[in-house]
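S.K.: Residue numbers (our numbering), protein chains in the order written: chain A, 1 to 483; chain B, 1 to 136.
FYI, nobody ran anything at the bench for these hints, they're computed from the structure. Hints may be right or wrong, so weigh each one.
Using 25 Å as the maximum straight-line C-alpha spacing, the simulated PhoX-like pairs for lysine-lysine come out as follows [unchecked claim]:
| no. | chain 1 | residue 1 | chain 2 | residue 2 |
| --- | --- | --- | --- | --- |
| 1 | A | Lys-418 | B | Lys-109 |
| 2 | A | Lys-253 | B | Lys-109 |
| 3 | B | Lys-109 | A | Lys-141 |
Derived list of chain A stretches under chain B, where covered just means 3 residues or more per stretch with a C-beta under 8 Å from a C-beta of chain B [what the hints assert, rightly or not]:
| no. | region |
| --- | --- |
| 4 | 177–187 |
| 5 | 197–204 |
| 6 | 244–254 |
| 7 | 261–273 |
| 8 | 324–336 |
Backbone N, C-alpha and C define an ideal beta-carbon position, used for all residues, glycine too.
Single-letter residue listing:
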Amino acid sequence: MVELKDLRRISDHEWEIPTSVRADMRVPVRVFASRALLEAIGGDSSLEQAVNATTLPGVIGRVLVMPDVHQGYGFPIGGVAATELPHGVISPGAIGYDINCGVRLLASNVRFADVEGSIGDLASALDAACPSGVGTGGRLKLDERELERVCREGGEWARRRGYGTESDVARTEEGGVLAGADFATISHRARDRGRTQVGTLGAGNHFIEVEVVDEVFDAAAARVMGLEEGLLTVLIHCGSRGFGHQVCTDYVKSFQSAVERYRIRLPDRELVCAPLDSPEGQAYQAAMRCAANYAFANRQLLAHDARGAFAEALRGRTREPHLHQVYDIAHNMGKTEEHVFDGVRRRVCVHRKGATRAFGPGFEDLPPEYRAIGQPVLVPGSMGTASWVLVGTEGSMERSLGSCCHGAGRTMSRSRAKRTIHGGTLRQELEARGIRVRAGSLPGLAEEAPAAYKDVDAVVDAVEAAGIARKVARLRPVAVVKG
Amino acid sequence: MHTEQGHRELEHTADWALEVWASDLAALLAESARGMYGLMGVVLADGRRQRRQLELAAADRESLLVDFLAELLYLAESEGLAFDSLELEAADGRLAARLEGAPIQSHTKDIKAVTYHRLEVCDTERGLLTRIVFDV
C-alpha cells in the first residue's frame with residue numbers, strides 16, 4: 001500500500017515516490033499536484049497503480065502522475081509511462097479500452113450575447129444531429145473495405161469524403177492519422193462493431209458542450225487559435241467506440257499468454273504487455289493505430305454534424321455562423337516519440353492514459369501557426385464547470401515527457417454519485433445557471449455531476465505552477481449534450 | 001454475504017466493480033452475468049425467446065470469467081440479446097453454456113469492457129468469491 005508519507009517533496013507542485021518504496025519498482029514516480037490535490041489523490045489507489053506501472057519492463061525515466069489522476073484499472077487514469085524501443089514493452093491496459101479517446105475544440109465567429117436566446121435551440125439541434133446514447137449506431141454503415149480505409153487514413157478519410165477541411169486535419173494531433181495501422185491485426189469481432197459506430201458519441205462521460213470564451217490569459221496565443229472573449233465554441237469528447245474497446249479486449253486477452261512466453265512478472269494482470277519489437281507487440285501497435293485513426297475519423301464526423309447543427313440553429317439570428325477547428329487531442333494513446341533522458345535522446349513509446357500530449361514551442365509536428373506558441377492542450381472540466389485551453393511549454397518537454405492533464409478527474413464513485421445526486425434535480429440546477437442540458441439518461445447525468453469531480457481550476461493551476469503548461473483561455477459552458 | 005449466491009456493487013472512483021460469490025465456478029459465472037446485466041440496466045422484451053450455446057476454454061478461472069462476460073457483452077451489442085436463463089457447466093478451464101433469453105428492450109448503461117484489474121477467483125469456506133472491475 002502506497003501512502004502519502006512515502007512521497008518526497010520536490011517543490012510545491014512536484015512530489016516523488018522513490019524506488020525504495022517497493023522492491024519491484026524499476027523507476028520512481030513523479031506526481032504533479034498541489035498539496036491539497038495530493039491529499040485528494042491519496043484517497044484512492046491511484047498512487048499504488050502508478051507504482052505498479054513502474055514495474056513494466058523497459059520503463060525509462062519516471063512514471064508520471066497528473067493532478068487530475070484517479071484510480072482506473074491496472075494503470076491510473078492520469079498516468080504517463082515511457083518504455084524504451086526496441087525491447088521495452090507496450091501494455092494495452094496502460095492505454096485503455098477507449099483507444100484515442102480525446103477532445104476536439106471548434107471555435108466560432110458568433111458572440112454569445114447575440115444568440116443567448118437561441119442556445120436551447122442550438123443544444124436541441126446538436127442533440128438531434130449528433131447520434132448519442134447507449135448502444136447507438138450512426139448514420140454510416142461501412143463495408144469492410146471502407147472500414148479498412150478509415151483505419152488507415154483516419155481524419156483524412158473523413159476529409160476526402162467531404163466531412164472536414166484541410167485545416168481540420170492539420171489541426172489534429174498527428175495530422176489525424178497514425179502511420180503503421182494494419183487492418184490485418186483487427187479481429188472480425190472488432191470489425192463487426194466498428195462498421196456501424198463511426199460518427200457516434202456514445203454515452204458515459206462523453207459529451208458535446210457549447211462554451212463561451214470566458215477569459216483570455218494569453219492574448220497572443222488565443223488570437224492564433226481564433227479565441228476571443230465572448231465567442232461561442234463547441235467541445236467534443238469521445239473516442240473509438242466499440243471498435244477500440246474490442247481491440248483492447250482482444251489484445252489484453254492474447255497478452256495474458258504473451259507475458260508467460262516472455263517471462264514478464266507483473267503485480268496486476270490488467271498491465272499485461274509484450275516487447276515492442278515482438279510479434280505480439282507489433283500486432284497490438286498496428287491494431288491500436290487502426291483504432292486511433294478510427295477515433296480521429298469519428299470526431300471529424302461529429303464535428304461535421306456539429307457544424308451543420310450550429311449553422312442551422314443560428315442562421316438568420318447572427319451573421320453567417322462558422323466553426324473552425326482549434327485542435328483535436330488524444331488522451332488515451334501509445335505514441336513513438338523522442339525524449340531526452342539524462343542528457344541522451346532516446347526513442348520511446350509514451351503510454352498516456354487520461355493524459356494528453358503537450359509539446360512545447362518549436363516542434364515540427366505542430367501546424368506552422370502553432371509552432372511559436374506550443375501545442376494546444378484541451379482540458380474539459382466536469383459538466384457545468386469551466387474547461388480550459390492551455391499550451392505545452394519547454395518545461396513539459398523537460399519534466400513531463402511533453403504531457404499534461406486531461407480533465408478534472410473523478411473523486412466520487414459512480415455508484416455513490418447515483419445514490420446521492422438526483423439527475424432531474426441536477427438538470428434543474430444546471431438550467432437555473434443558464435446551462436441548457438440535453439441528456440439521454442438522468443441517472444447517467446447524475447454519475448457525471450460536478451460534485452463527483454475535482455475542481456478543474458485547481459488542476460489547471462497545478463500544471464501551470466509546475467511549469468508543464470500555460471493558460472490561454474477559460475471556457476464557460478452554456479449547453480451540454482450527453483448520451 | 002448472507003446467501004449462498006449473490007452479488008453487490010462496490011465503490012470504484014472511475015468505473016464499476018462487482019463482488020460476486022457462489023458455491024462453484026459455474027454458479028459464479030452465472031451470477032456474474034446477472035450482476036453485469038443489472039449494472040447495465042437491461043430490460044428484456046416480451047416475445048420470442050432466443051437460445052444460444054457457447055463453448056469457451058481458458059488458461060485459468062479468471063480468464064474464463066472475463067471471456068464469458070466479454071461474450072455476453074458482444075452478444076448484447078451485436079445481436080441485441082441478453083439472457084435470463086443460464087445453464088453452465090464449468091470444469092478444467094472449459095465452459096459449456098446454454099443460454100436462453102430475449103432481445104434487449106432497453107438498457108441504461110454501456111459497459112466498454114471486463115477488466116483483469118486485480119481479478120482473482122478466491123476459494124472461501126462457502127465456495128468462491130471474486131471482484132470484477134468493468135470499464136464504463
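S.K.: Against this structure, judge whether each hint is valid.
M.R.: Comparing the hints with the structure gives:
1. Lys-418/A / Lys-109/B: 13 Å, holds
2. Lys-253/A / Lys-109/B: Holds. Lys-253/A to Lys-109/B sits at ~23 Å (cutoff 25 Å).
3. Lys-109/B / Lys-141/A: Holds, because 23 Å separates the two Cα atoms, which is no more than 25 Å.
4. 177–187: Per the Cβ count (0), the hint is violated.
5. 197–204: holds (count 3)
6. 244–254: holds (count 6)
7. 261–273: holds (count 4)
8. 324–336: Since 0 is below three, the answer is violated.
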